[in-house]
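Q: Chain by chain, the residues run as shown.
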Amino acid sequence: MPSPTRLESSHPAAGPSPAGQAPSGSGRRLRSTRGWLTLGATLVAGAALAACGSSSGSATSTSGPSSGSSSGSSGTVDPSGVLKYGVDLDNTFSGTFDPGQSTNDCSYTEYTALYNSLLAPANDAVLPSEAVSYTSTPTTITFHLRPGATFSNGTPVTASAVEASINHIKTSPFRFSLTYIQSIQVVNPTTVTFTLTKPVAGDVLWAMTYIDGMVMDPAAIPNAGTSPIGSGPFTLSSYQQGSSMVLKANPNYWDKSAYKLGGVDFVQVSAGPQEVSALETGAVDMLAVEPEDYASVEHLPGIGIATTRSSDYLLMQTRQNAAPFNDPKVRAALEYAVDRNAINEAVFSGLGEPAFQPFPSWSVAYNPSVGNKYTYQPAKAKAMLAAAGHPGGIDFSLVIPGGSATFSRTAQILQAEMAPAGFHMTIQQVNPTDLVTEVYLHDQGDAVLDEELTNGPDWANNFEGEYTGVGFEDQHLGTTNPTLTPLIEQALTSLSPTVQGPPMRQASQIAMATGTEVPLIFEPSVIAYNESRVGGHVVAPIGQCRSNLAGIYIKKG
Amino acid sequence: MGSGGSLLTFIGRRLLITIPLLVLITLGVFSLVLIIPGDPAQTLAGGAHASPATVARIRAELHLDEPFFVQYWHWLTGVLRGHLGYSLFKSQSVASGIRERLPITVSIAVGGMVLAVVLGLPAGIIAGLRPRSWADRAVSVGSSLGVAIPDFWLAMILVVVLAVNLHLLSPLGYVPFAQSPSEWFSHLIMPWLALGIGGAATVARQTRGSMIDTLRQDYIRTAEAKGLSSARIIAKHACKNALSPVITLIGIQFGYLLGGTFIIEQIFSLPGLGTYMLDAISDKDLPVIQGVALVTALLFVLINLAVDVIYGFLNPKVRLA
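Here the protein sequences line up with chains A and B, keeping their order. The first sequence begins at 210 in this note's numbering and counts up by one. The second sequence begins at 11 in this note's numbering and counts up by one.
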């Protein structure tokens, strides 16, 4: 019987100083401290590993939030202080408070204030939330719930509530990972076991940090769309669609010391330059900043910035069941035709990490032997292209989702970089919601500029959808790769670094050598806040929409 | 038959013309199903991970697998009963979504229109009364600038000056009138200015030209010869006739302002019909797109009807046309 994996808390207030905490009072600070952040995170992860120990087939690594973060200048906590958090509610919130009905994954930002998931996400670990520990085999996971936890209405959080919640959320077509859950068994009021249809415990564990794993009061499920009852740090006070959402502190929250806010007002701020003016004028206290707006907020007086490294990454996927990218030699040449450093500097203000392989340098899946081998070498790429039978180069089209400055600028830079290597690219913009239909169903374009979102320590997750034949992308782009499949399947069985690391390092090498994808940049996550209002430990979301409001407060006065 | 009877006949005739127009509008609006690319069923079924069976089931539920005119009939009968369908992504009926947002859009458009009239009409009259005077030149230059400056650019400049630099107004958000009239007002000043200044310029130019033409008419000269005071001539004779074409322009201008709110709402993060529509277009939320397009088109029709009626009331000759 595997021993339980005890998880370190994600709340800054509940443990020692968080990794990577920047000096107090400094606004723009994290680029220069990245190395220290990595070191700090590694030390915390190492300490946690040592403390937890591991047992075969059941253990996972745990660590504190391995992120860049920022401490707002000191100030007295206003216990009734309400954070005005700028978000594009119209575009990122589903309009329902029922996780089982959500059609927009970015609703996680608001949901996570109302509901606790079984686990909490970090960049390279899962952390405790409603579950304080778990044991797993490749096909079973047993969660041990926090004793004494209650929903905001005082009802106890039990294993039966977990069962009811997961069974409800599982009905959503958007919760793909839950389809792996064959049955849920309530062992006792604080223990619940999932039996899986296949050995993908790593996948399901990561899903439990997300909307998939949110725990709802079973009695409130029928009305959860408008009257959510969860066990999160806040409760819903009012909501006006597309305009505002007002939350107040949950008096029954188990870890009140971690959440020092009296409430949160989610304020509608449409994407664009208005985000910066909203921050400047004090209309909002805090908001996530798009990479292209970083330069605009960088020098604003009184505005602090926190960045978080992320394994969200921008990549170019090629159509490998049709010319010209059905030839592995052409794809291999493409890896040398892109200048990842230039894209990082021009589009991401140097805050991202050039992706010379699909996994960031701080991950267990990073392969040192691949290292930074795929630097920009247009002459070499051109020679490889000629050797592949294309001395005059090739013409191809790249589809990008329209309306995003990040994608648009990246595509233009790629176009300029690739030309000397003989890759003559045209850019086709499509509506972001049409990307799936146009690229995969209607075969538009020879390649697509896309992004893969973080899966924390589940490093095999993205590869599963792209190369094992189970995903939509690989079926339509012809990227199923029999060499990669067993490695990916091996890694999916657990979140343990010892299980995920070796096969994924090997997969990384194979993917790059055969040009299976062209990873470009690991995107930074940036959050800006008003230093005169917001105090405490500000953490940027790890990846898109995964905000964390723990540890911050509104200053008195 | 008296003039009142003629006016009623005129209104009746206009209403009759409106009916086929509305049918054409509903057909045009529903045809958006055919024009807009993408597959909402695929998105609703879970996107990339959707199984073909789930996509087919959702397509059937939404009647997307039925012939066009069958789909149109489903939709039209729903519309006639006041059901505009449900948003595919917002967990809300389209009718209630529009009900929540329409007052905001109308507040912006009406406020912009009032500003356009309050600024544009007197400026045009003053300029028209004294052509080539300094006042006329100032109005001409000002209105040229007003017409040339795009609404969205003006909106951003207003935000920088009034909100960011002077901290006088909030750059975003909406407060319902019932909640706080003063907050409602202060949150809408910039959108009104952004929309109203361009409108005022157009109204001023039209009023000036119309006033100059009217003052050259024989009946004005006759009134002067009869010894009427200038104020009386201007108020009773010149303005009434000069403003008839201006009223038509104001009606058309109101339509433009209504359209202009779609961008202005985005800049000021106002949750009106514009943001609702733009979001729906991005999501391929067809029921919302159809609902908003229909309501907007109906508003245009009603505004034009009102303008025709007012014009007919002011100018009996129009009723005979």
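In short, the hints are calculated from the structure, not lab data. Every residue gets a Cβ at the ideal spot worked out from N, C-alpha and C, and that includes glycine. Just to be clear, a hint being listed does not mean it is correct.
Stated by the list, open to error - Stretch by stretch, here's where chain B covers chain A in the computed footprint (C-beta under 8 Å, at least three residues): (1) 314-328; (2) 408-419; (3) 641-651.
What the hints assert, rightly or not - Quick partial rundown of chain B residues pointing at chain A, CB under 10 Å, derived from the structure: (4) T28; (5) P30; (6) L32; (7) T64; (8) A66; (9) S101; (10) Q102; (11) V170; (12) L179; (13) L182; (14) G183; (15) L280; (16) P281; (17) L288; (18) D289.
Q: Taking the closest Cβ pair, is B:P281 under 10 Å from chain A?
A: With a minimum Cβ separation of about 4 Å from chain A (threshold 10 Å), the hint on B:P281 holds.
Q: How does the coverage statement for the region 314-328 of chain A fare against chain B, requiring three or more residues with Cβ below 8 Å from a Cβ of that chain?
A: With 0 residues closer than 8 Å to chain B, the region 314-328 of chain A misses the three-residue bar; violated.
Q: For the hint on B:T64, just tell me whether its beta-carbon gets within less than 10 Å of chain A.
A: For B:T64, the interface hint holds, since the closest Cβ of chain A sits about 6 Å away, which is under 10 Å.
Q: Is the hint on B:A66 kept, meaning its closest Cβ partner in chain A is under 10 Å away?
A: 13 Å, violated
Q: Does B:Q102 hold up as a contact with chain A if the rule is Cβ-Cβ below 10 Å?
A: 6 Å, holds
Q: With a cut-off of 10 Å on the beta carbons, see whether B:L179 makes it to chain A.
A: OK, holds: B:L179 within 10 Å of chain A, min 9 Å.
Q: Min Cβ distance, B:V170 to chain A: is it shorter than 10 Å?
A: Where the cut-off is 10 Å and the nearest Cβ of chain A is about 7 Å from B:V170, the hint holds.
Q: Please check whether B:S101 passes as an interface residue: C-beta within 10 Å of a C-beta belonging to chain A.
A: 4 Å, holds
Q: Tell me if chain B covers the region 641-651 of chain A under the three-residue, 8 Å CB rule, please?
A: holds (count 8)
Q: Identify whether the interface hint at B:L280 stands, where standing means a beta carbon of chain A within less than 10 Å of its own.
A: 8 Å, holds
Q: Is the interface hint satisfied for B:L32? The criterion is a beta-carbon contact with chain A at less than 10 Å.
A: The hint is violated - B:L32 has no Cβ within 10 Å of chain A, the shortest such distance being about 28 Å.
Q: Can we keep the B:L182 interface hint, with Cβ of chain A closer than 10 Å?
A: Holds, about 5 Å.
In summary, the numbered hints that this structure violates are 1, 2, 4, 5, 6 and 8.
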